[in-house]
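Q: Residues per chain, in single letters:
2 protein chains.
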Amino acid sequence: MCERAHHHRFPARPPACLRVCVPSNRTTGQSKRTMSLSLVLRQRSAATAAVSARGLHLMRPGSVYNFRLAAVAAAAPQQSHHPGAAGAVASSPINHHHRTFLTMACAQQQQRCVSIDNINPAIKTMEYAVRGPLVIRAGVIEKELEEGVKKPFKEVIRANIGDCHAMGQPPITFIRQVLGLVSYPPLFDDPTIPADAKQRARAILDGCKGGSVGSYSDSAGIEVIRRHAAEYIQRRDGGIPADWQNIILSAGASGGIKVLMALLRCPIDGKKPGVMIPIPQYPLYSATIAEFDMEQIGYYLDEANKWGLDIAELERSLAEARKVSAPRILVVINPGNPTGQVLSRANIEDIIKFAHRERLVLFADEVYQDNVYEPGSQFHSFKKVMMEMGAPYSGMELCSFMSCSKGYMGECGIRGGYAEIVNLCPDVRTMLLKCISAQLCPTTAGQAVLDCVVHPPQKGEPSYERFEREKAAVLESLRERAELVARTFNSIEGFTCNPVQGAMYAFPQIRLPPKALEAAKKEGKPADTFYAFQLLEETGICIVPGSGFGQRPGTYHFRTTILPQPEKLKEMLGLFKSFHEKFLQKYK
Amino acid sequence: MCERAHHHRFPARPPACLRVCVPSNRTTGQSKRTMSLSLVLRQRSAATAAVSARGLHLMRPGSVYNFRLAAVAAAAPQQSHHPGAAGAVASSPINHHHRTFLTMACAQQQQRCVSIDNINPAIKTMEYAVRGPLVIRAGVIEKELEEGVKKPFKEVIRANIGDCHAMGQPPITFIRQVLGLVSYPPLFDDPTIPADAKQRARAILDGCKGGSVGSYSDSAGIEVIRRHAAEYIQRRDGGIPADWQNIILSAGASGGIKVLMALLRCPIDGKKPGVMIPIPQYPLYSATIAEFDMEQIGYYLDEANKWGLDIAELERSLAEARKVSAPRILVVINPGNPTGQVLSRANIEDIIKFAHRERLVLFADEVYQDNVYEPGSQFHSFKKVMMEMGAPYSGMELCSFMSCSKGYMGECGIRGGYAEIVNLCPDVRTMLLKCISAQLCPTTAGQAVLDCVVHPPQKGEPSYERFEREKAAVLESLRERAELVARTFNSIEGFTCNPVQGAMYAFPQIRLPPKALEAAKKEGKPADTFYAFQLLEETGICIVPGSGFGQRPGTYHFRTTILPQPEKLKEMLGLFKSFHEKFLQKYK
Chain D
1 MCERAHHHRF PARPPACLRV CVPSNRTTGQ SKRTMSLSLV LRQRSAATAA VSARGLHLMR
61 PGSVYNFRLA AVAAAAPQQS HHPGAAGAVA SSPINHHHRT FLTMACAQQQ QRCVSIDNIN
121 PAIKTMEYAV RGPLVIRAGV IEKELEEGVK KPFKEVIRAN IGDCHAMGQP PITFIRQVLG
181 LVSYPPLFDD PTIPADAKQR ARAILDGCKG GSVGSYSDSA GIEVIRRHAA EYIQRRDGGI
241 PADWQNIILS AGASGGIKVL MALLRCPIDG KKPGVMIPIP QYPLYSATIA EFDMEQIGYY
301 LDEANKWGLD IAELERSLAE ARKVSAPRIL VVINPGNPTG QVLSRANIED IIKFAHRERL
361 VLFADEVYQD NVYEPGSQFH SFKKVMMEMG APYSGMELCS FMSCSKGYMG ECGIRGGYAE
421 IVNLCPDVRT MLLKCISAQL CPTTAGQAVL DCVVHPPQKG EPSYERFERE KAAVLESLRE
481 RAELVARTFN SIEGFTCNPV QGAMYAFPQI RLPPKALEAA KKEGKPADTF YAFQLLEETG
541 ICIVPGSGFG QRPGTYHFRT TILPQPEKLK EMLGLFKSFH EKFLQKYK
Chain F
1 MCERAHHHRF PARPPACLRV CVPSNRTTGQ SKRTMSLSLV LRQRSAATAA VSARGLHLMR
61 PGSVYNFRLA AVAAAAPQQS HHPGAAGAVA SSPINHHHRT FLTMACAQQQ QRCVSIDNIN
121 PAIKTMEYAV RGPLVIRAGV IEKELEEGVK KPFKEVIRAN IGDCHAMGQP PITFIRQVLG
181 LVSYPPLFDD PTIPADAKQR ARAILDGCKG GSVGSYSDSA GIEVIRRHAA EYIQRRDGGI
241 PADWQNIILS AGASGGIKVL MALLRCPIDG KKPGVMIPIP QYPLYSATIA EFDMEQIGYY
301 LDEANKWGLD IAELERSLAE ARKVSAPRIL VVINPGNPTG QVLSRANIED IIKFAHRERL
361 VLFADEVYQD NVYEPGSQFH SFKKVMMEMG APYSGMELCS FMSCSKGYMG ECGIRGGYAE
421 IVNLCPDVRT MLLKCISAQL CPTTAGQAVL DCVVHPPQKG EPSYERFERE KAAVLESLRE
481 RAELVARTFN SIEGFTCNPV QGAMYAFPQI RLPPKALEAA KKEGKPADTF YAFQLLEETG
541 ICIVPGSGFG QRPGTYHFRT TILPQPEKLK EMLGLFKSFH EKFLQKYK
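Residue numbers (full-length UniProt numbering), protein chains in the order written: chain D, 1 to 588; chain F, 1 to 588.
Just so you know, these hints were derived from the structure itself, not from any lab. Keep in mind that a hint or two might mislead.
Which copy is meant is left open, because identical chains are indistinguishable; a pair holds if it fits in one copy or across any two.
[Unchecked claim] List of simulated lysine-lysine pairs, BS3-like, C-alpha gap at most 27 Å:
id : residue 1 : residue 2
1  : 434       : 150
2  : 124       : 271
3  : 143       : 209
4  : 570       : 151
5  : 258       : 124
6  : 471       : 384
7  : 434       : 258
8  : 150       : 525
9  : 434       : 521
10 : 586       : 306
11 : 143       : 434
12 : 209       : 570
13 : 471       : 209
14 : 151       : 577
15 : 124       : 434
Given the sequences, and given the hints that come with them, work out the whole structure.
A: Written out as structure tokens, the structure reads:
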């Protein structure tokens, strides 16, 4: 589409302003055509310049971006411009310290039906920091390293996302045997695969129409797997009943969370439905709230109290939110992401009472239920606590979410998970089932993996010992890494880190010197993002700045996973420490 | 939650009205409790009664439904009622011809936060007939047959959904070998698996972080698979270039369709964004339009012209829609679902010109591109035609969707697919990529299956012949069945069926006798639904009535798949024919 009309090459020294030249429109006869400009970025610093100029955060060197005339004009209101006419000139400021070539191609193209101005505004608003600009930059650096570009490090360490296998964690053998069997049934003849794996796979295939995982399942999932999930929950919760019809299988936990948020997305008395989420939070929530145009109601976790939930803070946040919205959902992430806390039973009881008092539907994000490390910490499911509290709490609506992507299995890519939805009005459940029916079904591969998680080998079965051994090895190693990370961070000047009681992340607070804050401000970046970019460029470590999760104003944090394998993790922490010392030196 | 307070049993003859008795509220001290009633339906006809009374279409005998006091009261405004007080009575009319028992349990329960009145109204509106009430009833019948209930048939024939493996179609060996290998890498040591399958699996694993399908892929999919998809499209389209960066992998085609509709969901000048869809259509579209609160703009396919698209009809439909909405998207399904047509190249050119003239974004649903049967029919991709037409058409925005669920592979349950998006403004593409990033990634299992589809064994490779043989066998058998189904339907009195040129469905028109129309009206059902329910109850054949897809008022159709295996299909068509004769006899 983009025909280049002509080119300008700027001198090696950067121009004080970005000049964009619009060529004459040779097809002025066609009213449906307008002018547009494209810009080839040769160096990263040019991207930065363009970022400041346009407020867009996703530009990459080597890529072509179209500049709509309006945007360029807006950046340089002092310049005259004539859309579609020859010689229009627009400019926007560029920082003097950028050393860069800018090659500009003035391209002329047909007007498109879809532009940044007429797409879903909610999608423009939403952000998902775990895969944001830092991560995109990390991908570019990886490509540069492959191409032989010299860097002060040899590889990027992706500590930005809880992606277990990517960081070298091996899959659990039993899970992959079952997945292999249902995918490729001739494996049933393989004598090296134990009988219990074959029995599990057989039961799954018997639950599939036509005996194939290639057929659609019920939208809520294969019945036998839903039953196993209910039995798993019942065992986990000391015998408190779970109804398999309350279980909806999903593509990871995200699929379930999104569909239940969609269900509750209804204005109440003309007010936007509100969702209470912790700050800091896992950005799936903020992204979905933005996408669904619901009201985000942040409540601060109590950093001084191991990231616990303070009921007074919940009340403050709710009272403020009620002025402008209709709060409906209370999201609690336990064990916490990005904060790593494991809630005490007393804290959970108080939260349940609060939700009951305020008529909120509880969303318990419990995907890290297997990831509890700190001695004395224990996972209590919201379902169990609520049921043990008795009436009226035992009648409350609760959605609890679980995933195959975390725990000891870490099967992120396969996409398996479930939602347990208790005490939902049957009419509403009917609507929920109808709503998921148009999505056909969650992947049967994810369902098969979930079956292994909720129906693992039992004592006496041939795979039992190996399964338990592999599971324990992963969890024990994570426990050691959790402790190592928190301890190391606390040994660095200016860092304070709560214990990583559970989940897969540390979320330390960093105190940054005033000069660093100033420098960040000059670059138009939050100070933690500024810090994280420097860390990435100098050490290859990719973390997510606290601003991606939310934090109290004036404080700075970052999230790192504890997932690099032990040796790599030690290396990473060493790099981190020396980077931070240099950083303090630089901005002291 | 539902404690039964007391029961009433009505006499065998139905009451003229449904009386619901509210017991005294024994917990009046609790202000947050109100009354609610639940009803146990003992027979299907009771469900019908309740449907008329409540306007809900999804009630099933043997299930418990809660009647909120407000709804009951609204149905009987002439009666006084006192929420929470003893002896309140409400009533609603029931048709006299229902012969039924109603057992009512008046239950008292805690008021819930979520009710049918405060959920997402779009979800209440949406329908997805392919998994609607008939299909739910078919599931109940299957359970009854298992329990030994006597029926005039031995099994349900599920001709309602394009679920290939469920109907006995075998998976393609090569696909399952690759899926087995990536799931369970020890299979690489299996000497019975050919080298090309291992090479494909190795390339996929090399594209996965940490070499495991258990790691997250990029949100748009694994790069090597996106590249293979682009190469596949380029081969398919006779060398017209495809850019792998325009390919987004998705969970089936549905995932891609939904995210692109979400992207374009933006009011224009205060008007709802509109989506033009064929009538009849695949109900994913109507369901998604309802869920996203967009405007559905139906254009009728031309039944007299083999379900082709008539440009005058497109213009009529668009002109009407423009009065109330802002049409943005034109959906074309080719080959057609449920209508089985394969569009001619001339027809596609006219459609492209229309979309260009009217500034609509083309959504080409091309998931049945391998399913073309009629001699002389040929699949032409919208991309190819558009590019060959040259400027200005070659610059139009186009989204084309493909799936692993159809074709010769029929891997519905695994969930693989892609969207190719051409000529999208780069800024908008950035937003699209951001939007899908919060969904993390499509299942890697589906991506692996898609890789086999877009990168099948090549001539000279060890799996080539077997792959081609298996593929040809499936497609040849489908071709025979397509011909058989259309021919048989056309031999039945009152049926007219267009040739099944492609896809997996026949969509015959049936002329129903006036007495049948009257009987249907009395039952409050569309006449084709009335017919389909009788067919199901008497023969076990489950089809989807035309009203689930849309049809011209006063005409009646149904959709059946051509997927039952040949012997089963012949049996089904025989049952169909004799049922229809009896039906005509009954209502003549």
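Q: Taking the hints in turn, state whether each one holds.
A: To see whether the hints hold, each was checked on the structure:
no.: 1; hint: 434 - 150; result: neither (55 Å within a copy, 30 Å between copies)
no.: 2; hint: 124 - 271; result: both (22 Å within a copy, 19 Å between copies)
no.: 3; hint: 143 - 209; result: between (44 Å within a copy, 14 Å between copies)
no.: 4; hint: 570 - 151; result: within (20 Å within a copy, 69 Å between copies)
no.: 5; hint: 258 - 124; result: both (18 Å within a copy, 17 Å between copies)
no.: 6; hint: 471 - 384; result: within (24 Å within a copy, 52 Å between copies)
no.: 7; hint: 434 - 258; result: both (15 Å within a copy, 16 Å between copies)
no.: 8; hint: 150 - 525; result: within (26 Å within a copy, 72 Å between copies)
no.: 9; hint: 434 - 521; result: between (50 Å within a copy, 25 Å between copies)
no.: 10; hint: 586 - 306; result: neither (32 Å within a copy, 75 Å between copies)
no.: 11; hint: 143 - 434; result: between (45 Å within a copy, 20 Å between copies)
no.: 12; hint: 209 - 570; result: between (49 Å within a copy, 21 Å between copies)
no.: 13; hint: 471 - 209; result: between (32 Å within a copy, 21 Å between copies)
no.: 14; hint: 151 - 577; result: within (19 Å within a copy, 75 Å between copies)
no.: 15; hint: 124 - 434; result: between (29 Å within a copy, 9 Å between copies)
In this structure, the hints that do not hold are numbers 1 and 10, in rising order.
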